[in-house]
Amino acid sequence: MAAIEVQNFSYIYPGESEAALRNIHFEVEAGQLFAILGANGAGKSTLCLALAGLIPHLFHGEMNGNVTVLGMNTLKYGPSELAGKVGLVLQNPANQLSGMRYTVYEEVAFGLENLGVPSIQMPERIKKALSWVGLSELGDRSPYALSGGQQQRLALASVLALEPQVLILDEPTAMLDPKGSQEIFEIIHKLTQMGKTVIIAEHRLEWVACHADRMLVLKEGEAILQGKPAQVMTLPLLKEIGIGWLRYTEAAYLGKKRNLWLEDMPLPVTLEQAVVGFLRV
Amino acid sequence: MVSHFGIFLPGCSRLHRLHPLTKLTFTLAAVIIVFGGPGKWFSALVPGLIALAILASAGLARIGLRITLRILVPLALMLLFVHGLFSPVNQNFILQLAIFKVGREGVLYAVLVILRLTAALFSSLVLVLSTHPAHLVQALEEAGLSPRFAYLFGSPLLLIPQLSGRIQSIRAAQQARGLEIQGNLLRRVKALFPLVAPLAFSALVDVEERALALEVRGFSAPHTKTYLNALQDSSWQRLLRWGMLALAVGLLAKRFVWA
Numbered sequence: 001m002a003a004i005e006v007q008n009f010s011y012i013y014p015g016e017s018e019a020a021l022r023n024i025h026f027e028v029e030a031g032q033l034f035a036i037l038g039a040n041g042a043g044k045s046t047l048c049l050a051l052a053g054l055i056p057h058l059f060h061g062e063m064n065g066n067v068t069v070l071g072m073n074t075l076k077y078g079p080s081e082l083a084g085k086v087g088l089v090l091q092n093p094a095n096q097l098s099g100m101r102y103t104v105y106e107e108v109a110f111g112l113e114n115l116g117v118p119s120i121q122m123p124e125r126i127k128k129a130l131s132w133v134g135l136s137e138l139g140d141r142s143p144y145a146l147s148g149g150q151q152q153r154l155a156l157a158s159v160l161a162l163e164p165q166v167l168i169l170d171e172p173t174a175m176l177d178p179k180g181s182q183e184i185f186e187i188i189h190k191l192t193q194m195g196k197t198v199i200i201a202e203h204r205l206e207w208v209a210c211h212a213d214r215m216l217v218l219k220e221g222e223a224i225l226q227g228k229p230a231q232v233m234t235l236p237l238l239k240e241i242g243i244g245w246l247r248y249t250e251a252a253y254l255g256k257k258r259n260l261w262l263e264d265m266p267l268p269v270t271l272e273q274a275v276v277g278f279l280r281v
Numbered sequence: 282m283v284s285h286f287g288i289f290l291p292g293c294s295r296l297h298r299l300h301p302l303t304k305l306t307f308t309l310a311a312v313i314i315v316f317g318g319p320g321k322w323f324s325a326l327v328p329g330l331i332a333l334a335i336l337a338s339a340g341l342a343r344i345g346l347r348i349t350l351r352i353l354v355p356l357a358l359m360l361l362f363v364h365g366l367f368s369p370v371n372q373n374f375i376l377q378l379a380i381f382k383v384g385r386e387g388v389l390y391a392v393l394v395i396l397r398l399t400a401a402l403f404s405s406l407v408l409v410l411s412t413h414p415a416h417l418v419q420a421l422e423e424a425g426l427s428p429r430f431a432y433l434f435g436s437p438l439l440l441i442p443q444l445s446g447r448i449q450s451i452r453a454a455q456q457a458r459g460l461e462i463q464g465n466l467l468r469r470v471k472a473l474f475p476l477v478a479p480l481a482f483s484a485l486v487d488v489e490e491r492a493l494a495l496e497v498r499g500f501s502a503p504h505t506k507t508y509l510n511a512l513q514d515s516s517w518q519r520l521l522r523w524g525m526l527a528l529a530v531g532l533l534a535k536r537f538v539w540a
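Protein chains in written order, with the numbering used here: chain A, 1 to 281; chain B, 282 to 540.
Because the hints were derived from the structure by calculation, they are not lab data. For glycine and all other residues, C-beta sits at the position ideal for the given N, C-alpha and C. It cannot be assumed that every hint is accurate.
Distance condition first, Cα-Cα at most 27 angstroms in a straight line; then the derived DSSO-like pairs of lysine-lysine [claimed, not checked]:
| # | chain 1 | residue 1 | chain 2 | residue 2 |
| --- | --- | --- | --- | --- |
| 1 | B | Lys506 | A | Lys127 |
| 2 | A | Lys128 | B | Lys506 |
| 3 | A | Lys256 | A | Lys228 |
| 4 | A | Lys85 | A | Lys256 |
| 5 | B | Lys506 | A | Lys85 |
| 6 | A | Lys76 | A | Lys127 |
| 7 | A | Lys128 | A | Lys76 |
| 8 | A | Lys76 | B | Lys382 |
| 9 | A | Lys239 | A | Lys256 |
| 10 | B | Lys471 | B | Lys535 |
Covered stretches of chain A (in silico footprint by chain B; criterion: 3 or more residues with CB under 8 angstroms from a CB of chain B, positions within the stretch not fixed) [what the hints assert, rightly or not]:
| # | region |
| --- | --- |
| 11 | 42–49 |
| 12 | 75–83 |
| 13 | 146–160 |
| 14 | 171–178 |
Per label pair, the in silico range of CB-to-CB distance [to be verified]:
| # | chain 1 | residue 1 | chain 2 | residue 2 | range |
| --- | --- | --- | --- | --- | --- |
| 15 | A | Ala230 | B | Leu480 | 43 to 51 angstroms |
| 16 | A | Gly139 | B | Ala511 | 51 to 59 angstroms |
| 17 | A | Ser147 | B | Ser436 | 35 to 43 angstroms |
| 18 | A | Ala145 | B | Ser436 | 31 to 39 angstroms |
| 19 | B | Ala492 | A | Ser147 | 48 to 56 angstroms |
| 20 | B | Phe474 | A | Arg258 | 53 to 61 angstroms |
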């Protein structure tokens with residue numbers, strides 16, 4: 001069963017004449033990791049906001065088509081109803097702190113409190129969420145005393161404590177250093193292994209190629225490519241729209257011209273595939 | 282002076298342990314009495330002295346005085362200058378400085394205003410120095426205030442640490458690009474816009490992102506909220522709150538109704 005169905009979705013922000021997204025159509029199966037790629041301004045964040053129900057409930061623009069998440073049409077169900085079922089993590093870690101809680105531990109409790117989870121159940125859920133993101137030792141610290149990477153992990157823990165089935169991540173590593181990014185990617189990998197449906201807007205092709213089940217490529221508000229990373233990430237169109245190829249793909253493509261890559265072998269999108277391919281020759 | 286929690290100073294004094302609404306009620310009652318109570322000197326002095334005593338009991342008097350002096354000294358000098366020299370009610374002059382004569386009535390009025398402001402500031406510091414903004418917001422929500430309104434009430438205090446960090450970054454960035462923020466008054470005034478404009482714009486962007494993050498964590502969810510840590514309240518504190526409000530309203534009535 002599809003966890004997410006997006007049918008002919010178009011959206012124009014209030015006061016704008018041009019659509020931020022046009023005729024977007026895709027499905028995400030439950031338990032899949034679905035990546036959204038595109039240059040800045042392609043519409044990735046808008047799509048994430050729509051999947052979380054924030055469009056059209058908080059942004060009152062012009063919306064056409066349907067977005068259905070876990071069987072709930074976002075035209076009918078807003079972020080309040082989706083909270084607890086769908087989690088959203090944004091780019092800027094500091095702006096995701098509620099600012100209303102004293103410690104990391106209490107910050108994770110904030111969402112549970114809003115959803116009316118009995119206080120007796122909270123400690124276990126908080127501890128579990130903090131342990132998932134590796135912040136168990138920092139529970140007593142102020143959220144503002146954490147590093148950017150730790151704050152992003154806290155934002156993730158705050159969402160995970162609500163035990164959502166679908167997790168939407170809008171460039172969660174955009175403001176993090178390589179170590180912080182790696183930590184976030186490891187957590188996402190664990191979540192997919194636990195069977196969560198993850199939608200991620202991400203620039204890092206290498207990671208997407210290794211971990212995504214399917215991907216969607218946006219260009220100026222339109223979905224131009226869709227499929228498995230191995231299919232999509234070797235298409236020349238990706239280079240034409242400025243996203244480019246991975247170095248392994250590029251190396252194999254050039255190798256093919258010099259008989260260093262077998263003609264009938266598909267171009268690689270991971271390091272392992274590249275190594276295997278070059279070794280065969 | 283700005284910690285991770287705004288200007289709140291964590292502690293375990295009796296004042297810190299009081300329910301936030303008790304402290305909020307004290308602040309409100311004190312401000313009402315300061316500006317509306319009978320006997321202007323009495324009303325301006327007594328609440329301020331009580332607030333200072335409360336701050337002292339929690340070990341917060343020194344920081345309270347430091348904050349008050351920093352805020353009020355420039356204002357006090359200006360008030361004394363304007364009212365002492367130019368108040369239209371000046372009739373008796375106590376000092377002559379060249380062609381300027383300092384009027385007794387103007388000086389007394391300025392001193393009264395300064396005392397009132399000092400008392401109001403001390404009373405407010407009783408609340409903000411000893412109460413975490415989050416606990417204040419929680420107390421208001423538990424008292425039945427809508428979460429949005431409670432957040433609006435607490436957010437200026439909640440956002441102090443973030444804005445303080447942002448101001449430092451903007452100042453460093455602008456100085457790196459040659460903006461001079463030290464020097465005479467004119468130079469400082471000129472430097473204000475390049476500092477304030479980016480702060481205001483970035484704060485607006487932050488507010489939108491924060492609103493999104495709050496919404497997806499169920500901030501507007503229709504459920505009855507629960508709390509991880511219930512705030513400690515007691516019947517004597519509830520009685521004290523009603524008592525303080527009754528006293529403030531009574532003194533206000535004494536001045537305006539039965540005067």
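For each hint, the structure was consulted:
1. Pair hint Lys506/B plus Lys127/A holds up; C-alpha atoms about 20 angstroms apart against a cutoff of 27 angstroms.
2. Using a Cα cut-off of 27 angstroms, the hinted pair Lys128/A and Lys506/B holds, with the two alpha carbons roughly 21 angstroms apart.
3. With a CA separation close to 22 angstroms, the supplied pair Lys256/A and Lys228/A stays within the 27 angstroms bound.
4. Only pairs whose Cα atoms come within 27 angstroms are accepted, and Lys85/A paired with Lys256/A is rejected, the gap being roughly 47 angstroms.
5. Taken as a hint, the Lys506/B and Lys85/A pair is honoured in the structure, with Cα atoms around 18 angstroms apart against an allowance of 27 angstroms.
6. A hinted pair counts as satisfied when its Cα atoms are at most 27 angstroms apart, and Lys76/A with Lys127/A does not qualify at roughly 34 angstroms.
7. As the CA atoms of Lys128/A and Lys76/A are separated by approximately 32 angstroms, the hinted pair breaks the 27 angstroms bound.
8. Taken as a hint, the Lys76/A and Lys382/B pair is broken in the structure, with Cα atoms around 73 angstroms apart against an allowance of 27 angstroms.
9. Of the pairs offered as hints, the one joining Lys239/A and Lys256/A holds, with about 18 angstroms between alpha carbons and a cut-off of 27 angstroms not exceeded.
10. Taken as a hint, the Lys471/B and Lys535/B pair is broken in the structure, with Cα atoms around 49 angstroms apart against an allowance of 27 angstroms.
11. Counting residues of the region 42–49 of chain A whose CB lies closer than 8 angstroms to any CB of chain B gives 1, which falls below the minimum of 3, so the coverage claim is violated.
12. Evaluation of the coverage hint for the region 75–83 of chain A: fulfilled, as 5 residues show C-beta separations to chain B shorter than 8 angstroms, against a requirement of three.
13. Here the region 146–160 of chain A counts 3 residues with a CB under 8 angstroms from a CB of chain B, which clears the bar of 3, and the coverage holds.
14. For the region 171–178 of chain A, the stated coverage by chain B is violated: 0 residues have a C-beta nearer than 8 angstroms to a C-beta of that chain, whereas at least 3 were required.
15. Taking 43 to 51 angstroms as the suggested C-beta distance range, the pair Ala230/A and Leu480/B conforms, at roughly 47 angstroms.
16. Remark: the range hint 51 to 59 angstroms for Gly139/A to Ala511/B is contradicted by a beta-carbon distance near 19 angstroms.
17. With their beta carbons about 24 angstroms apart, Ser147/A and Ser436/B fall outside the hinted range of 35 to 43 angstroms.
18. The beta-carbon spacing between Ala145/A and Ser436/B, approximately 20 angstroms, falls outside the hinted interval of 31 to 39 angstroms.
19. A hinted range of 48 to 56 angstroms for the beta carbons of Ala492/B and Ser147/A is inconsistent with their spacing of about 24 angstroms.
20. At about 60 angstroms, the CB distance of Phe474/B to Arg258/A agrees with the hint of 53 to 61 angstroms.
In the structure shown, a violation is registered for the earlier hints numbered 4, 6, 7, 8, 10, 11, 14, 16, 17, 18 and 19, in ascending order.
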